[in-house]
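Residue numbering for the sequence shown follows full-length UniProt numbering, beginning at 1 and increasing consecutively.
Don't take each hint at face value.
Derived pair list, reagent style DSSO-like, types lysine-lysine, alpha-carbon separation capped at 27 Å [stated by the list, open to error]:
1) LYS105 <-> LYS81
2) LYS105 <-> LYS74
3) LYS105 <-> LYS86
Computed beta-carbon distance windows for the label pairs [stated by the list, open to error]:
4) LEU58 <-> LEU100: 32 to 40 Å
5) LYS74 <-> GLU40: 16 to 24 Å
6) SER80 <-> ARG133: 29 to 37 Å
7) HIS66 <-> ARG133: 31 to 39 Å
8) PRO76 <-> GLU40: 22 to 30 Å
9) LYS81 <-> VAL119: 32 to 40 Å
10) PRO60 <-> LEU100: 19 to 27 Å
11) SER78 <-> ARG133: 28 to 36 Å
Derived from the structure by calculation, the hints contain no laboratory data.
All residues carry an ideal CB built from backbone N, CA and C; glycine is no exception.
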Amino acid sequence: MTDSNPRLHSGSRIEPELDELIEHLKIREDEYQGVVVLEEDLKELKAEARWTILAKVLSPIHLVMHAAFLANMKYPWSLSKYVSFKATHENLFVFQFSCLDDWCKVLDDGPCFFSMGNVALLEEYDGITKPSRLNLGP
């Protein structure tokens, strides 16, 4: 059992963030009895999120054209493989790369400038943490 939530059972200690997220599900007491989170499951979730980057666009306006943003980013990155792309919040995006080389190139090249001087701050992302909780600058 975990220290922070005795109603959850685990093969080993649950990461505090996951435990906190489960708390927000508003599950009734009788529904908790079937909840089991194993360390192996956490490892699998993290493995599925490999080569993932969180990008925060520093722009005075909300980006409505998400596809245009992706197109603008793919060109300077010159990716060799497919990248999946998802907008999570206002000016906050998740990219999951299909190969390690593309992921490393994008992370190593750092902040990306695009379209009229806007910049995208980049951070390695575990795929589990709520994107809005990460501190990516202003």
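Cross-check of the supplied hints:
no. : hint                         : in the structure
1   : LYS105 <-> LYS81             : holds (12 Å)
2   : LYS105 <-> LYS74             : holds (12 Å)
3   : LYS105 <-> LYS86             : holds (20 Å)
4   : LEU58 <-> LEU100: 32 to 40 Å : violated (27 Å)
5   : LYS74 <-> GLU40: 16 to 24 Å  : violated (35 Å)
6   : SER80 <-> ARG133: 29 to 37 Å : holds (31 Å)
7   : HIS66 <-> ARG133: 31 to 39 Å : violated (21 Å)
8   : PRO76 <-> GLU40: 22 to 30 Å  : violated (39 Å)
9   : LYS81 <-> VAL119: 32 to 40 Å : violated (25 Å)
10  : PRO60 <-> LEU100: 19 to 27 Å : violated (35 Å)
11  : SER78 <-> ARG133: 28 to 36 Å : holds (31 Å)
Consistency note: the structure conflicts with the earlier hints numbered 4, 5, 7, 8, 9, 10.
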